[in-house]
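S.K.: Listed here are the chains, written in short residue letters.
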Amino acid sequence: MNNETGIQVDGVTKRYGALEVLRGVDLSVPAGKFAAVIGKSGSGKSTLIGVVSGLEKPDSGRVLVQGHDLSHLDQRQMAELRRLSIGIVFQNFSLIPSLSALDNVLLPTFFDERTSVRERRARATELLDQVGLHDRMQHRPSELSGGEQQRVAIARALVNGPSILLADEPTGNLDTETGTAVLELLFAMGRARATTLLVVTHDLDIAAKADMIIEMKDGRIQHANT
Amino acid sequence: MITLHYAIQELAFRRSRSLITIASVAVAVLAAVLLTALATSYGRAVHAPVETVGADMVVQITGDIPPKLEGLVFPHPNALIPANAVENIRGMDGVLSVTRAVYLWELAPDHYQSVLGIEDGEAGLQSLSERLIEGRPLKTGDSAVLIDSDFAAKRSLKVGTMLDVGGTEFPVVGIVDAARGGKVVRADVYMPIAPAQRLATAAPQVRALYPFGPDDANLLLVKVDRQSLEGVVQKVNALLGKKGIVSSELSFREALSGVLFLSQRMGLIVAAVIALFAAAFVLRATASAVTERRRELAVLQAIGWPWQRIRQEVLIENGVLALAGVLLGVVVAVLLTFVLGSVSVTIDLPWDLSSTPHFIPEATLDRTQTITVPIAIPWLAAAAAGIGGLVVALAVAAMLVASPPQQPWSLLRSE
Ligand SMILES: Nc1ncnc2c1ncn2[C@@H]1O[C@H](COP(=O)(O)OP(=O)(O)O)[C@@H](O)[C@H]1O
Ligand SMILES: [Mg+2]
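Protein chains in written order, with this note's numbering: chain A, 1 to 226; chain D, 227 to 641.
Here chain D stands alone, though its shape is the one from the complex (with noise of 0.2 angstroms):
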């Protein structure tokens, strides 16, 4: 306690040193807790787009234009996906699971709809019913519709009441709610993938087209584990050719150059270089207060404090300093996201992923979607920065008084 007592008073008697110090470890935690909050949330946002799907990666294969532009037609990112391609994408490492599902567009002279069959699975049919607003969930064997709640407004349909679809009657059992979709993968109305495959099967611009089987699909939702997506999304991109569309983070990323440096791998970059600076003034705080130091250091000494002492009240000192310097540096790290509140990411929307042709007036254009995501502290980043500080401030110190010197006497003799 005695040796704490004297250490607070070593401090306060070098105020500006030690806060000096105090300075250089609180902006060392600063900044690296702010960039990885601020690389985190560019993050979530980039990802929001296919998360809203339930998935990590969309696949699409580009398509032709159908002969005709009436009745069901496929749109023009969605062509046949090969049965084999889809086996391959899901036997790949990293996959988690692959929902496969039909992409409709419903072309009448009065009205389009899109139509998107689902399988069940997180990211399908279930993903569905976490957004469901009114009615029941669709399974897997049912023969009937759920309807976007945009869409119910706009045609004024009410769960109940039945809805053509390429000339069959479907009741409508549920609404989904539009704003939680997102705008990737989104339509007008959805069902199990097996009647929308009956209708594709069906319709003769598809037919026209594609060898479309009544066990095919022409968009597929994949769940990739978020460490093995880089190399996922190039097997993919490898394995279909020039005219795959693979959506992912990573394209929205690519997308959003002004927030690229933010993107995980630089941000490790940029924290990690601004980490380098600070333990350097950390390291040099530390270590001219220490030299400053020596000569008291070998009074110490000649008034008989073991060395191990001595290192002891350096290493209070200096701990003191860092751990009021990570202190300082976390609070402030949460004033500021405080104050920042969170970051938006306006994402433009490739046309392949926008739920409306482009060529249809009344539904074109906004294809952007704004991404609001709150900064929070990642608080496992904040307690290593915090460690890291603090590891730094005490292992320059000890390495500084590792050994007592060997000529203290040199130190206190006066010429």
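Isolated chain A, as found in the complex (with noise of 0.2 angstroms):
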């Protein structure tokens, strides 16, 4: 298992318009491993994030996830990928605002056919609990602090029990002290489930317990080290 390749970019380029936002990206994060990737703004992190969670369409090159080629998936088994292997964690939160968090958390569970209703909120109940909200699930987002919504979303991001899960940033948007204890969670885990990590993170104390640091500059990946 630990020897199957989590996520493969080869040689993965973007443009927008004029501009040339990934050019030629070849990377590979083995299943199981932790990935944290650095760069300056407008390095093109972000896009690699989109490329790799399939929202975003490489104008060449290829991506594939936990082996499957996005590119030979149609919508409606990219949608079932995303569902069941991928979980998505981004720096604003991206909470649903009517939903209360159980409700958020549940949301990627509704056409689950394989689990009952009970289980599935069994689950997400417990997700809740393993990330402290145990006496936040009835709370609407704006009922909840910065760090809480992530927590929720961390939840949400997991409650199928993904083999990849993607962050961009998921600290951005808050202070420095709650942004460490949300990686914290999110990197112990991501860790306790086995599950590949791709993290765009500042955060060089948490960069430095990840397997790889990826370092991206103008489009590149400049530096990869394992």
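These aren't lab readings, by the way, just hints derived from the structure by calculation. Check before you lean on any hint, since a few could be wrong.
What the hints assert, rightly or not - Partial chain D-side listing against chain A, Cβ under 7 angstroms, derived: (1) 337; (2) 533; (3) 605.
Claimed, not checked - Cβ pair distances, simulated, as ranges: (4) A/226 - D/239: 14 to 24 angstroms; (5) D/239 - A/204: 17 to 27 angstroms; (6) D/230 - A/223: 21 to 31 angstroms; (7) A/202 - D/238: 34 to 44 angstroms; (8) A/122 - D/521: 26 to 36 angstroms; (9) D/520 - A/223: 35 to 45 angstroms; (10) A/177 - D/239: 43 to 53 angstroms; (11) D/238 - A/226: 43 to 53 angstroms; (12) A/218 - D/636: 12 to 22 angstroms.
Glycine is no exception: its CB is placed at the ideal position from the N, C-alpha and C atoms.
Fit the two chains together into the complex; they arrive one by one in their own frames, and the hints show the way.
M.R.: Okay, structure coming up:
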């Protein structure tokens, strides 16, 4: 299992108009490993996450997640892969404002035919418990602090037990202390589940705990040390 | 079920936006239903005067004034209608039946009575028997009369008494209700057409003006397919020329300029314009609701909702809103029609349709007829408006979420 490749990116390019944002990115993260992506603003980190999540199409090159070439999947298969195998945490939390913390965590399980509603609720409740929000489940996002919202987002990303977790500056909107706590949580929970982690971060303390550090510069990988 | 739960949460969360959408759908439906209800009621009201005689169209020809106003005369608007004209009308497309009649005034020094001899048929003797309050109906071969209840009271006549008409005695076999008869083509005395034709043929003041034969008529009650009414009226007008008098709901409608805009065609136009505005309103409300949520829909995509489910979610939300709007619109329409109750129309009958000679002082003047028609919800129109509202709202929503955004990531990334 650990020899398998969790994420593989081969020669991916992406341009927005005249701007070449990714200029041939090659990357391989073994399953279960933690890769931290660092680099200056504008270097293409978010675009890389977008491409790996399948929410952004590369102009050339290919992306494999759990061995699946994303360009070979249709919309429905792509959605299924994202739902079951890829968890995403955003910088701006991206919770649904009308729904409670619990319902937000349940969202990715709506069409889960394998498990009963009760099981799903149990799973979501347990995750919220683990991220320290057992007494906040019925709160709406607007009633939660930034750190709490991001914890809900982490629980949501993990609810279907994905093999890959993507995070794009998950602490960017949090103060340092809260941010570190959230990152520690993300890291710990990912590790506990043997999830492949691809996390964009500026926090060098956390990056130091990563299995590999990927430094991006001008749309290329400057450094990848393992 | 879980998506419905989400939909409800979402709608409750965006309460004001939801209420705006519901209100615009409701206004559209309300306007359409109410306007159709009013237009239908006014339409029925203007149809009522001729409908009470069982016809859709009354045809007459303006005649001359007899040399002497005595004995049996043809009223001024009731000249002989040539037999070939009758046949011509009978053959027109859209004409369902033609009932011939002979209308006479009997002018005596001490009294006056109007006499209508009429053929059998739906617009003829049959329509009389529906109004019978005493006695028995008339049959074609009878040499007997029915009398109007007001006339019976005024002249103290009863069923069984004999009545003199143009020098011939007729037994009164029944009394018809004056109130229900309306004021159009109303007479004091009704009889089958044959004896009336005999009386007319023998009357000197008729003979002085017209070559009236024993099988002629001076008044036609025509039943017309409602769809063809306008065309038939035009054709009959063309046939009879300037002297022809064709009365139908169209002529009453013309007289009612105040409610003209509610006539069926104008009602349709007004309803269409309102529906258009409302549709634009619904479109805007739905469009901005969906646009506002583009980022949220991208989040759903990011966490693995298939686009088809996202679309379903949006459609459920908008369907719930539209349904609420439709129900609200119909309920308010029902309440409003209940409050309004009925429409009243006062129609000034043209003197040529009035049953009394304008020169008789005692019988003059009140030629107006007030018709009150309850406003009823035209359920077919209400259903159409409701389904229309639903369809517009759902179509707009479906259009907006027809296909997934090409670059959901650009909606999700933060700069
Ligand atoms: N949708 C877009 N259209 C045009 N330019 C974009 C778009 N998304 C990103 N960019 C540009 O691409 C460059 C790389 O962006 P990004 O991947 O977000 O870098 P990072 O996350 O490393 O800051 C930036 O200059 C950004 O302005
Ligand atoms: Mg970025």
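S.K.: Okay, which hints does this one fail, numbers in order?
M.R.: 1, 3, 4, 5, 6, 10
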